[in-house]
Amino acid sequence: EAGVTQFPSHSVIEKGQTVTLRCDPISGHDNLYWYRRVMGKEIKFLLHFVKESKQDESGMPNNRFLAERTGGTYSTLKVQPAELEDSGVYFCASSRQGASTDTQYFGPGTRLTVL
Amino acid sequence: GENVEQHPSTLSVQEGDSAVIKCTYSDSASNYFPWYKQELGKRPQLIIDIRSNVGEKKDQRIAVTLNKTAKHFSLHITETQPEDSAVYFCAAKDNYGQNFVFGPGTRLSVLP
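Sequence order for the protein chains is A and B. So in my numbering, spot 90 of the first sequence is number 86, and the numbers just go up one at a time. So in my numbering, spot 82 of the second sequence is number 65, and the numbers just go up one at a time.
By construction, these hints were calculated from the structure, which means they are not laboratory data. Treat the hints with caution; some may be incorrect.
[To be verified] With a straight-line cut-off of 27 Å between C-alpha atoms, the simulated DSS-like cross-links for lysine-lysine are:
no. : chain 1 : residue 1 : chain 2 : residue 2
1   : B       : 51        : A       : 74
2   : B       : 54        : B       : 5
3   : A       : 40        : B       : 51
4   : B       : 51        : B       : 5
5   : B       : 5         : B       : 41
6   : B       : 54        : A       : 11
7   : B       : 40        : B       : 25
8   : A       : 50        : A       : 37
9   : A       : 47        : A       : 11
10  : A       : 11        : A       : 37
11  : B       : 54        : A       : 50
12  : A       : 74        : A       : 40
13  : B       : 54        : A       : 37
14  : A       : 40        : B       : 25
15  : B       : 41        : B       : 54
16  : A       : 40        : A       : 50
17  : B       : 40        : A       : 11
18  : A       : 11        : A       : 40
19  : B       : 25        : B       : 41
20  : A       : 74        : A       : 47
21  : B       : 25        : B       : 51
22  : B       : 40        : B       : 54
23  : A       : 37        : B       : 5
24  : B       : 40        : B       : 51
25  : B       : 25        : A       : 37
26  : A       : 37        : A       : 74
27  : B       : 41        : B       : 51
Using the sequences and the hints given, assemble the complete structure.
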């Protein structure tokens, strides 16, 4: 099966600009997660969708971050306006619903650099 | 909330030697513990996982042990090879949440 894909792979923007990251989960996976890894630190949870609903967004750092998953397929994560501390690698992961929800498959990540 | 610590942060071993990475967690309700390997520039890949009803799990050269009482779990890699060089992340999850709490990662270097 095709894996989780993310676009773009890299993004370089200036402080104050807007960036939108996209994640396409594995087909049929209801659960979609966004994580972020900043400057070699741990991978931190941002939020979790079940289909189109936000199940848990406790990890979202502030209201400059907006995630959507209209239609319950792909998801976007918008950062507006971007700040320097938003730089990092943003990972998306997906998992099945039901008994196999534990295994999360990660995308390749989007490396965001805010100048 | 859950807190996961991981040691060491970097580890260098000679090819053929064993490598051990240890993680501790704080929430006794956590019951699923995956290990991910991330090679340079690539996505994190699940390499092995263990659930709280099992004390040890092995898959060829890699094994994971879990001590629920002490709330720690370890990754063991035997007969290391250069391609084992990567950053390894441990994580913990409980029944209530669906998201993982990750450790900070261990950079493993296998020297030829």
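Verification of the supplied hints:
1. B:51 / A:74: 39 Å, violated
2. B:54 / B:5: Roughly 11 Å between the alpha carbons, so the hint for residue 54 of chain B and residue 5 of chain B holds.
3. A:40 / B:51: Cα-Cα ~24 Å, so holds.
4. B:51 / B:5: Between residue 51 of chain B and residue 5 of chain B the Cα gap is close to 13 Å, so the pair holds against 27 Å.
5. B:5 / B:41: Given that 27 Å is the threshold and the Cα spacing comes to 16 Å, the pair holds.
6. B:54 / A:11: Roughly 42 Å between the alpha carbons, so the hint for residue 54 of chain B and residue 11 of chain A is violated.
7. B:40 / B:25: 25 Å, holds
8. A:50 / A:37: Within the cut-off at roughly 25 Å; holds.
9. A:47 / A:11: 32 Å, violated
10. A:11 / A:37: With a Cα-Cα distance of about 22 Å, the restraint between residue 11 of chain A and residue 37 of chain A holds, given a limit of 27 Å.
11. B:54 / A:50: 30 Å, violated
12. A:74 / A:40: It holds: about 17 Å lies between the C-alpha atoms, which stays within 27 Å.
13. B:54 / A:37: Roughly 22 Å between the alpha carbons, so the hint for residue 54 of chain B and residue 37 of chain A holds.
14. A:40 / B:25: 17 Å, holds
15. B:41 / B:54: 19 Å, holds
16. A:40 / A:50: 17 Å, holds
17. B:40 / A:11: Violated, at about 47 Å.
18. A:11 / A:40: It holds: about 22 Å lies between the C-alpha atoms, which stays within 27 Å.
19. B:25 / B:41: 24 Å, holds
20. A:74 / A:47: 18 Å, holds
21. B:25 / B:51: Roughly 32 Å between the alpha carbons, so the hint for residue 25 of chain B and residue 51 of chain B is violated.
22. B:40 / B:54: The hint holds at about 16 Å.
23. A:37 / B:5: At roughly 17 Å apart (the allowed maximum being 27 Å), residue 5 of chain B and residue 37 of chain A satisfy the hint.
24. B:40 / B:51: Holds. Residue 40 of chain B to residue 51 of chain B sits at ~14 Å (cutoff 27 Å).
25. B:25 / A:37: 16 Å, holds
26. A:37 / A:74: Holds. Residue 37 of chain A to residue 74 of chain A sits at ~22 Å (cutoff 27 Å).
27. B:41 / B:51: Status holds; Cα separation ~18 Å.
In the structure shown, a violation is registered for the earlier hints numbered 1, 6, 9, 11, 17 and 21, in ascending order.
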